[in-house]
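Novice: Letter by letter, the chains look like this.
There are 2 protein chains.
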Amino acid sequence: MHLFYQPGLDGPNPPEYLSEDDSRHAIKTLRLGIGELIAVTDGQGNRYAAVITKADARRCAFRITETQTTAPRPFSIRICVAPTKNLDRIEWFVEKAVEIGIERISFFFGQHSERRVLKLERIEKIAVSAMKQSLQSFLPILDEAIPFGDLLKTISEEQRFIAHLPANEPPVHLAKAATVNGKYTVLIGPEGDFSEKEIQQAIEANFKMVTLGPNRLRTETAALTACQLLNFINA
Amino acid sequence: MHLFYQPGLDGPNPPEYLSEDDSRHAIKTLRLGIGELIAVTDGQGNRYAAVITKADARRCAFRITETQTTAPRPFSIRICVAPTKNLDRIEWFVEKAVEIGIERISFFFGQHSERRVLKLERIEKIAVSAMKQSLQSFLPILDEAIPFGDLLKTISEEQRFIAHLPANEPPVHLAKAATVNGKYTVLIGPEGDFSEKEIQQAIEANFKMVTLGPNRLRTETAALTACQLLNFINA
Numbered sequence: 084m085h086l087f088y089q090p091g092l093d094g095p096n097p098p099e100y101l102s103e104d105d106s107r108h109a110i111k112t113l114r115l116g117i118g119e120l121i122a123v124t125d126g127q128g129n130r131y132a133a134v135i136t137k138a139d140a141r142r143c144a145f146r147i148t149e150t151q152t153t154a155p156r157p158f159s160i161r162i163c164v165a166p167t168k169n170l171d172r173i174e175w176f177v178e179k180a181v182e183i184g185i186e187r188i189s190f191f192f193g194q195h196s197e198r199r200v201l202k203l204e205r206i207e208k209i210a211v212s213a214m215k216q217s218l219q220s221f222l223p224i225l226d227e228a229i230p231f232g233d234l235l236k237t238i239s240e241e242q243r244f245i246a247h248l249p250a251n252e253p254p255v256h257l258a259k260a261a262t263v264n265g266k267y268t269v270l271i272g273p274e275g276d277f278s279e280k281e282i283q284q285a286i287e288a289n290f291k292m293v294t295l296g297p298n299r300l301r302t303e304t305a306a307l308t309a310c311q312l313l314n315f316i317n318a
Numbered sequence: 084m085h086l087f088y089q090p091g092l093d094g095p096n097p098p099e100y101l102s103e104d105d106s107r108h109a110i111k112t113l114r115l116g117i118g119e120l121i122a123v124t125d126g127q128g129n130r131y132a133a134v135i136t137k138a139d140a141r142r143c144a145f146r147i148t149e150t151q152t153t154a155p156r157p158f159s160i161r162i163c164v165a166p167t168k169n170l171d172r173i174e175w176f177v178e179k180a181v182e183i184g185i186e187r188i189s190f191f192f193g194q195h196s197e198r199r200v201l202k203l204e205r206i207e208k209i210a211v212s213a214m215k216q217s218l219q220s221f222l223p224i225l226d227e228a229i230p231f232g233d234l235l236k237t238i239s240e241e242q243r244f245i246a247h248l249p250a251n252e253p254p255v256h257l258a259k260a261a262t263v264n265g266k267y268t269v270l271i272g273p274e275g276d277f278s279e280k281e282i283q284q285a286i287e288a289n290f291k292m293v294t295l296g297p298n299r300l301r302t303e304t305a306a307l308t309a310c311q312l313l314n315f316i317n318a
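So the protein lines, in turn, are chains A and B. Residue numbers for the first sequence follow the working numbering, beginning at 84 and rising by one. Residue numbers for the second sequence follow the working numbering, beginning at 84 and rising by one.
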């Protein structure tokens with residue numbers, strides 16, 4: 084069964100067509116025709132069984148035959164990460180994190196960030212295709228990159244961690260610091276790491292310093308490792 | 084401190100020069116000069132403090148001043164994976180697995196593998212730079228791709244897992260199936276999955292079927308997730 088993405092299907096005026104990308108994929112690539120069954124998700128936890136009613140490669144029409152709603156997970160993972168200099172690295176982080184399971188990805192620019200611009204459009208496409216690929220019904224929230232100080236004001240999760248080694252005490256592993264079924268948020272610094280000021284701001288905002296393991300990890304590896312770890316303790 | 088790689092430093096005739104790549108990097112890129120301190124690892128657990136004695140961009144000479152030996156980890160992780168159709172994906176897996184920590188990566192061709200050729204040279208370079216990047220002293224073993232049946236004959240690890248869902252029983256999560264400080268090996272199938280015959284061969288070779296989580300993962304994501312998981316249970 085092929086999974087497509089069409090937001091707003093449980094809204095007031097549910098769309099009756101697949102997006103142009105999905106229409107092309109369904110009709111041109113997969114060569115699906117009228118009467119064939121497809122699955123469509125709205126990225127909000129709803130998955131629909133549907134039948135193709137118009138095999139148009141630009142506007143593929145479908146009729147919903149069945150609705151299946153998935154409950155959100157009892158925990159939520161939010162990773163806040165500084166975009167890497169090389170965009171591929173952050174794009175694969177997004178792909179992998181979505182495959183594995185993540186609720187929200189927030190980008191920020193740190194004082195030591197080399198990259199100062201991040202376009203979300205491409206990253207959103209990657210997130211959508213990773214959601215489909217891994218057959219999930221939830222599309223994570225993706226937040227535009229903002230300065231670190233502004234990001235801290237947006238944090239509502241109770242379990243707050245920053246991937247940074249404390250100066251004078253032994254490091255605590257995220258796997259030990261986090262407790263199950265929590266609302267987690269983890270801050271991952273840029274290649275140039277967090278500035279002292281940023282560390283202080285995070286501590287004042289009740290972030291706990293944690294380690295993700297014995298090795299020095301690249302920004303995107305650290306971000307994915309934090310996501311993996313929080314999924315595992317809830318497995 | 085910059086970490087370089089030069090195998091054979093604890094052998095009978097230890098090399099007195101960095102490789103051509105590392106020499107260029109040290110002298111041309113980093114502009115290091117005579118008398119400057121560097122770190123060199125042999126990839127076998129030995130790390131050497133050294134002084135540059137000849138700043139030659141093709142043959143940078145160094146003198147070892149101190150040796151530090153790291154013991155192998157009390158556990159070992161071996162991931163056996165079928166190369167992906169798109170090489171970037173397997174190269175990415177190798178980079179990330181080495182950063183996080185892995186002892187051995189073995190490639191195999193399954194009955195459903197689309198890719199039938201894999202050159203190790205590029206993958207070895209990626210492994211070396213990931214080892215340096217993450218400041219480790221061990222370079223994992225990388226095995227040439229061989230047919231699945233031949234691979235099974237090379238397995239010596241006691242804790243054996245295959246990422247595949249059993250047909251008639253509830254799946255067991257790798258995190259629950261593996262016990263700490265073990266010698267682990269995990270089989271990750273190609274995009275086309277394992278064949279029935281391969282599953283049978285693995286079961287006969289005492290591999291336990293495990294799941295890596297609720298979502299359908301790409302080959303390279305599954306391989307990295309298995310590696311992350313086995314690192315975490317030993318954290």
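Keep in mind that the hints were calculated from the coordinates and are not lab data. It is possible that some hints are incorrect.
One copy or two, it doesn't matter: identical chains are merged, so the pair holds either way.
Derived pair list, reagent style BS3-like, types lysine-lysine, alpha-carbon separation capped at 25 Å [stated by the list, open to error]:
1. Lys202 <-> Lys137
2. Lys111 <-> Lys168
3. Lys215 <-> Lys168
4. Lys168 <-> Lys208
5. Lys137 <-> Lys168
6. Lys291 <-> Lys111
7. Lys111 <-> Lys236
8. Lys236 <-> Lys137
9. Lys236 <-> Lys208
10. Lys202 <-> Lys291
11. Lys202 <-> Lys236
12. Lys291 <-> Lys215
What you are looking at is a predicted structure, and each value in this text was computed from that prediction instead of being measured.
Novice: State the violated hints by number, sorted upward, taking the hints as numbered earlier in the document.
Specialist: Violated hints (numbers, rising): 1, 5, 6, 7, 8, 9, 10 and 12; every other hint is consistent with the structure.
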